[in-house]
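There are 2 protein chains.
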Amino acid sequence: MSIAEDKELKDYCLEVAQRARQASRELAICPGENKNAWLRESAPRLREATERILSENAKDLGAAPGYGLTPAQVDRLKLSPRRIDGIANALEEIAMLAEPIGEVIESNTRPNGLDVQRVRVPLGVVFFIYESRPNVTADAAAICVKSGNAVILRGGKEAAASSQAIVEVLSQVAAEHGIPADAVQLVNTTDRGAVGHFLGLSEYIDLAIPRGGEGLIRRVAAEATMPVIKHFSGNCHVYVDSAADLAMAEAITVNSKCQRMGVCNAAESLLIHADVATEFLPRVAQALAKYEVEIRGDDQTCEILSGSTPAHEADYSKEFLGPILSAKIVASVQEAVEHINHYGSGHTDVIVSADYGNIQSFLARVDSSAVLVNASTRFNDGGQFGLGAEIGISTDKFHARGPCGLKELTTYKYVVRGNGQILE
Amino acid sequence: MSIAEDKELKDYCLEVAQRARQASRELAICPGENKNAWLRESAPRLREATERILSENAKDLGAAPGYGLTPAQVDRLKLSPRRIDGIANALEEIAMLAEPIGEVIESNTRPNGLDVQRVRVPLGVVFFIYESRPNVTADAAAICVKSGNAVILRGGKEAAASSQAIVEVLSQVAAEHGIPADAVQLVNTTDRGAVGHFLGLSEYIDLAIPRGGEGLIRRVAAEATMPVIKHFSGNCHVYVDSAADLAMAEAITVNSKCQRMGVCNAAESLLIHADVATEFLPRVAQALAKYEVEIRGDDQTCEILSGSTPAHEADYSKEFLGPILSAKIVASVQEAVEHINHYGSGHTDVIVSADYGNIQSFLARVDSSAVLVNASTRFNDGGQFGLGAEIGISTDKFHARGPCGLKELTTYKYVVRGNGQILE
Chain A
1 MSIAEDKELK DYCLEVAQRA RQASRELAIC PGENKNAWLR ESAPRLREAT
51 ERILSENAKD LGAAPGYGLT PAQVDRLKLS PRRIDGIANA LEEIAMLAEP
101 IGEVIESNTR PNGLDVQRVR VPLGVVFFIY ESRPNVTADA AAICVKSGNA
151 VILRGGKEAA ASSQAIVEVL SQVAAEHGIP ADAVQLVNTT DRGAVGHFLG
201 LSEYIDLAIP RGGEGLIRRV AAEATMPVIK HFSGNCHVYV DSAADLAMAE
251 AITVNSKCQR MGVCNAAESL LIHADVATEF LPRVAQALAK YEVEIRGDDQ
301 TCEILSGSTP AHEADYSKEF LGPILSAKIV ASVQEAVEHI NHYGSGHTDV
351 IVSADYGNIQ SFLARVDSSA VLVNASTRFN DGGQFGLGAE IGISTDKFHA
401 RGPCGLKELT TYKYVVRGNG QILE
Chain B
1 MSIAEDKELK DYCLEVAQRA RQASRELAIC PGENKNAWLR ESAPRLREAT
51 ERILSENAKD LGAAPGYGLT PAQVDRLKLS PRRIDGIANA LEEIAMLAEP
101 IGEVIESNTR PNGLDVQRVR VPLGVVFFIY ESRPNVTADA AAICVKSGNA
151 VILRGGKEAA ASSQAIVEVL SQVAAEHGIP ADAVQLVNTT DRGAVGHFLG
201 LSEYIDLAIP RGGEGLIRRV AAEATMPVIK HFSGNCHVYV DSAADLAMAE
251 AITVNSKCQR MGVCNAAESL LIHADVATEF LPRVAQALAK YEVEIRGDDQ
301 TCEILSGSTP AHEADYSKEF LGPILSAKIV ASVQEAVEHI NHYGSGHTDV
351 IVSADYGNIQ SFLARVDSSA VLVNASTRFN DGGQFGLGAE IGISTDKFHA
401 RGPCGLKELT TYKYVVRGNG QILE
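Here the protein sequences line up with chains A and B, keeping their order.
Our numbering applies: residue 1 is where the first sequence begins, and numbers increase by one.
Our numbering applies: residue 1 is where the second sequence begins, and numbers increase by one.
Okay, chain A solo, but in the shape it has when bound (with noise of 0.2 Å):
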């Protein structure tokens, strides 16, 4: 790129930055029912524009191998009716979500008779870099709108057509219901480095929030000079208890690992307490080989279990996302806490017992962001933990821990109302 193309591009990418800005500070006052007409209207606006849609994804389609996406990409990256339904259907769901804005998270008054209260607004811009699923673009649009947010929606290079032609119709219904028409921005450049040039507007957003492997988000962590929600890895344990109920974690450790492999919450390390190992891992080793899955296993394990794989130490760190299962005996739930908060990411972690004790220890040490008891790693998702929609699942302490939704889209400022008071 030329030096002038460069600044260009720079000069885009700051008054998309401005406008969103501005966007956002009609959106803070944007009355709820604006914003739930905008979603409830857009859902069958969407379906009448599939005609449209699907022609403009046949374009992202036809340039796709181009692209040298996977076929599990391209099947991402796939419309059909009954898709762009599946889209229509969430923005109707995300309209039915509580209003966000303005709740009074807490209160009180001051013995000078200051009334001080905690008041939930919006963050304020939101950039989002997600790659090549359309159905993204508008989930990504409805949550951070209904949240009270602008957005700077960059999306893959594989989709931009699918997406262009999505956000047109949220667009053209935003004008129609008070929404400010820059309230969502479609970056309509695929240059990369238009990446960069937000990273470094801390002055207009408020926070990123990158979607994609690994590499993107190190990237944006590693480049932004704003707050970014981060989403790494999901090293998942089943911790099987001296005092669980057999059938319970054979049916839990096979859903945790099977019921999909290759997402975040899917279990990755099966830990078993020492009690119950000769009963418990033959069964559940049984189970596992009808979805094909290999057991690394202790010293321990493998006496027990003759067929499987002995496991390095590296192998409990890993997220396999896919046909492999990490396994270790461990002679209490203590070792297995230390175990988890060890080698583990944070990220979901599962006892399966009926011992009290055993499970209040287990909720209490382990560090992550989700404990679950006798329930699998997969319920870790915003749908399932009643946030409604979510944007993306937070492995970060600060600000938001696991799924976000509305409200981790969100801060709070103190309003504070007086009647002449000073300091002495």
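Calculated from the structure, these hints are not laboratory results.
Source: prediction; values computed, not measured.
Backbone N, C-alpha and C fix where the C-beta goes; we use that ideal spot for every residue, glycine too.
Warning: the hint list may mix true and false statements.
[Stated by the list, open to error] Which chain A residues face chain B? A few, computed with CB under 10 Å, are given here:
id, residue
1, LEU123
2, ASN188
3, ASP191
4, ARG192
5, ILE252
6, ARG365
[Claimed, not checked] Straight-line alpha carbon distances no greater than 20 Å define the calculated SDA-like cross-link-like pairs of lysine to any residue that follow:
id, chain 1, residue 1, chain 2, residue 2
7, B, LYS407, B, ILE29
8, A, LYS59, A, PRO81
9, B, LYS290, A, LYS407
10, A, LYS407, B, LEU423
11, B, LYS230, A, GLU223
12, B, LYS407, A, ALA364
13, A, LYS407, B, LYS10
14, B, LYS407, A, PRO81
15, A, LYS230, A, SER242
16, A, LYS290, B, LEU423
17, B, LYS407, A, GLU424
18, B, LYS7, B, GLY196
19, B, LYS318, A, GLU203
20, B, LYS10, B, HIS197
21, B, LYS407, A, ARG110
22, B, LYS230, A, ALA221
23, A, LYS230, B, SER107
24, B, LYS290, A, LEU423
25, A, LYS230, B, THR225
26, B, LYS157, B, LEU69
27, A, LYS59, A, ALA161
28, B, LYS157, B, GLY215
29, B, LYS318, B, CYS302
Dock chain B against chain A, hints included.
Frame of chain A, contents of chain B only:
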């Protein structure tokens, strides 16, 4: 520093951080009564140690001229029996604050029977970097530990001996009340390189809080690999509306500007509605003249106040921290809001008015950590807002905004109880 010395420093920092992480695991499950007993018992023990603390403080005071401290800095460094009593009182007050850890912030039972709770937990390890006031050592230790966090204290070299004496007392009492020995660690080197090493240890440190000049904060924000709570400048406004009680407006303006000029929540700019400018400006100018405050006004202000200095545009962005006040006449509450959102720093802004519509508009539209009606800017403070102790005031929006007390040093995790649920 030689490479070998730097290696040794790096190893030292790593060990401190790892010990803090281990202590944080224990602190996270430490009962509130242990933390409170530690705080309550530390107070009389500090008072008993007055002689020893004063003799260590004398060493710091003796070294102060060599560090080139200003008289104001020496005053902040100097302890007395009364000041040590104040430090002890602060610990007793923190002991009385409600326990922040374990609070169920939200909960819901899902249709499948899963009981989902969002539970408040500590962040983990806080790295606190501060300047020369020894009382901050005790305050920060108390706030961090009460909120369940281990803390690494990196005080200025100017107060090294005083801080060491205080931490020794806290550590002795900690051992008697089941508080981990490494819950409070004072960095025992004044080498500036240590800060850089700690800022790289995001695996062990969850949050960095710099408290000091803008240079320190910028350095920490730039180098830190973990989140940072930043406290930048406060360009705070008082807007006197057309419907203001002018006697109240005068008292609030004078208090906001003059009660203490060198602090972040002092007013730096006065906006006056045109309808009341000719009546209000001369009287407030007279009141401010008693404090020798120079008014830097726009053309209209200078017309009304013949003695005032013309303001440059840059004056409207300045945090004077002294006897200067910028002033501007505005035509509406909207103009006041736009001016504040453009030139302000998002810290603290006040409207003086009796008009409901103007007040609501101001509260909703001004994007600052605190917006106040008919009260002094000086109330934006953790103690005044009822948070109890504060470890700083955040000028960020992310995670913590405004005064940071106990809750702002926490995060949450999802605790989910089931009875065998798996994802279909």
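Hint check results:
Hint status for LEU123/A relative to chain B: holds, with the closest Cβ pair at about 6 Å, below 10 Å. The beta carbon of ASN188/A is not positioned within 10 Å of any beta carbon in chain B (closest approach about 27 Å), and the interface hint is therefore violated. Restraint check, ASP191/A versus chain B: the minimum CB separation of about 27 Å is more than 10 Å; hint violated. Given the 10 Å rule on beta carbons, the hint for ARG192/A is violated: about 24 Å separates it from the nearest Cβ of chain B.
For ILE252/A, the shortest C-beta to C-beta distance to chain B is roughly 6 Å, which falls under 10 Å, so the interface hint holds. Hint status for ARG365/A: holds, given a least beta-carbon distance of 6 Å to chain B, under 10 Å. Pair hint LYS407/B plus ILE29/B holds up; C-alpha atoms about 16 Å apart against a cutoff of 20 Å. Of the pairs offered as hints, the one joining LYS59/A and PRO81/A holds, with about 16 Å between alpha carbons and a cut-off of 20 Å not exceeded.
For the proposed pair LYS290/B and LYS407/A, the alpha carbon gap of about 48 Å is over 20 Å, so the pair is violated. Only pairs whose Cα atoms come within 20 Å are accepted, and LYS407/A paired with LEU423/B is rejected, the gap being roughly 25 Å. Distance check on the hinted pair: LYS230/B and GLU223/A sit about 18 Å apart at the alpha-carbon level, within 20 Å; holds. For a cut-off of 20 Å, the pair hint linking LYS407/B to ALA364/A stands: about 18 Å separates their Cα positions.
Between LYS407/A and LYS10/B, the direct Cα distance comes to roughly 40 Å. Violation of the 20 Å bound is thereby established for this hinted pair. Restraint check for LYS407/B and PRO81/A: the C-alpha separation of about 47 Å exceeds 20 Å, so the hint is violated. Under the criterion of a C-alpha separation no larger than 20 Å, the hint pairing LYS230/A with SER242/A is inconsistent with the structure, at around 36 Å. Straight-line distance between C-alpha atoms of LYS290/A and LEU423/B comes to about 18 Å, which keeps the hinted pair within the 20 Å bound.
Restraint check for LYS407/B and GLU424/A: the C-alpha separation of about 27 Å exceeds 20 Å, so the hint is violated. At roughly 13 Å between alpha-carbon atoms, LYS7/B and GLY196/B fall within 20 Å of each other, so this suggested pair holds. At roughly 17 Å between alpha-carbon atoms, LYS318/B and GLU203/A fall within 20 Å of each other, so this suggested pair holds. Only pairs whose Cα atoms come within 20 Å are accepted, and LYS10/B paired with HIS197/B is accepted, the gap being roughly 6 Å.
At roughly 19 Å between alpha-carbon atoms, LYS407/B and ARG110/A fall within 20 Å of each other, so this suggested pair holds. With a C-alpha separation of about 18 Å, the suggested pair LYS230/B and ALA221/A falls inside the 20 Å cut-off, and the hint holds. Taking the CA atoms of LYS230/A and SER107/B, the gap is near 24 Å; set against the 20 Å cutoff, the hint is violated. Simply put, LYS290/B and LEU423/A have alpha-carbon atoms about 18 Å apart, close enough for the 20 Å limit, and the pair holds.
A distance of roughly 13 Å separates the Cα atoms of LYS230/A and THR225/B; the hinted pair therefore holds under the 20 Å criterion. Taken as a hint, the LYS157/B and LEU69/B pair is honoured in the structure, with Cα atoms around 11 Å apart against an allowance of 20 Å. Simply put, LYS59/A and ALA161/A have alpha-carbon atoms about 7 Å apart, close enough for the 20 Å limit, and the pair holds. Between LYS157/B and GLY215/B the CA atoms are separated by roughly 17 Å; this keeps the pair inside 20 Å, and the hint holds.
With a CA separation close to 19 Å, the supplied pair LYS318/B and CYS302/B stays within the 20 Å bound.
In this structure, the hints that do not hold are numbers 2, 3, 4, 9, 10, 13, 14, 15, 17, 23, in rising order.
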